[in-house]
Amino acid sequence: LDKESAESEKNRFTVIAKGNDSGAIALALDPFVQHGHVIELTGKTEVGARVMVNGHEVPVVGTDGSFHYFTPPLRTGETLITVTAQDTKGGVNTQQQKIVIQ
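Reading the sequence shown from the start, the letters are residues 17 to 118 in the numbering used here.
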């Protein structure tokens with residue numbers, strides 16, 4: 017309470033129902049395409065989601081959630097490619113695939 021009045025200033029706020037969201041968001045990957053030591057990835061996630069590939073943010077995600085990314089050159093041998101999509105509500109989906117560079 018304020019010292020000068022019986023009530024303090026009123027605050028307005030909005031409650032947004034979260035619902036029964038499982039936390040996972042859509043993430044579909046097309047088959048990877050190898051170009052020497054570089055891997056080309058394409059796929060689709062939810063509109064507005066961020067996409068990371070092995071810790072590198074995909075710079076452009078289309079307005080429909082589609083993305084296209086080329087990895088930096090990878091070393092010879094087995095490598096694990098990790099693709100993570102995250103939306104603004106905290107929903108996450110991660111997929112991993114092992115590839116072998118000859």
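It should be emphasised that the hints constitute simulated quantities derived from the structure, not laboratory data.
Nothing here was measured: the structure is a model prediction, and the numbers come from that model.
Any given hint could turn out to be false.
[Stated by the list, open to error] What follows is a set of in silico ranges between Cβ atoms, one per label pair, in the way DEER data are often shown: (1) Asp-80 x Gly-52: 25 to 31 Å; (2) Arg-66 x Gln-113: 33 to 39 Å; (3) Ser-82 x Ala-40: 16 to 22 Å; (4) Val-63 x Ile-117: 29 to 35 Å; (5) Arg-91 x Ala-44: 14 to 20 Å; (6) Gly-106 x His-51: 19 to 25 Å; (7) Val-108 x Gly-78: 16 to 22 Å; (8) Thr-110 x Glu-56: 27 to 33 Å; (9) Ile-117 x Gly-39: 30 to 36 Å; (10) Pro-75 x Thr-110: 15 to 21 Å.
Ideal placement from N, C-alpha and C gives every residue a C-beta, glycine not left out.
Hints, verified against the model:
1. Separation of Asp-80 from Gly-52 is about 30 Å and conforms to the stated range, judged on CB atoms against 25 to 31 Å.
2. Under the hint 33 to 39 Å, the C-beta atoms of Arg-66 and Gln-113, about 20 Å apart, miss the expected range.
3. A beta carbon spacing of about 19 Å between Ser-82 and Ala-40 agrees with the range 16 to 22 Å that was offered as a hint.
4. The beta-carbon spacing between Val-63 and Ile-117, approximately 33 Å, falls within the hinted interval of 29 to 35 Å.
5. Taken as a hint, the range 14 to 20 Å is violated for the pair Arg-91 and Ala-44, whose Cβ atoms sit roughly 28 Å apart.
6. Under the hint 19 to 25 Å, the C-beta atoms of Gly-106 and His-51, about 34 Å apart, miss the expected range.
7. Distance hint for Val-108 and Gly-78: a CB-CB separation of about 20 Å, consistent with the stated range 16 to 22 Å.
8. The supplied range of 27 to 33 Å is broken by Thr-110 and Glu-56, whose beta-carbon atoms lie about 20 Å from each other.
9. Between Ile-117 and Gly-39 the C-beta distance comes to about 33 Å, which sits within the given range of 30 to 36 Å.
10. Distance hint check for Pro-75 and Thr-110: the Cβ-Cβ separation is about 19 Å, which falls inside the suggested range of 15 to 21 Å.
Hint check: violations occur at hints 2, 5, 6 and 8; the rest are consistent with the structure.
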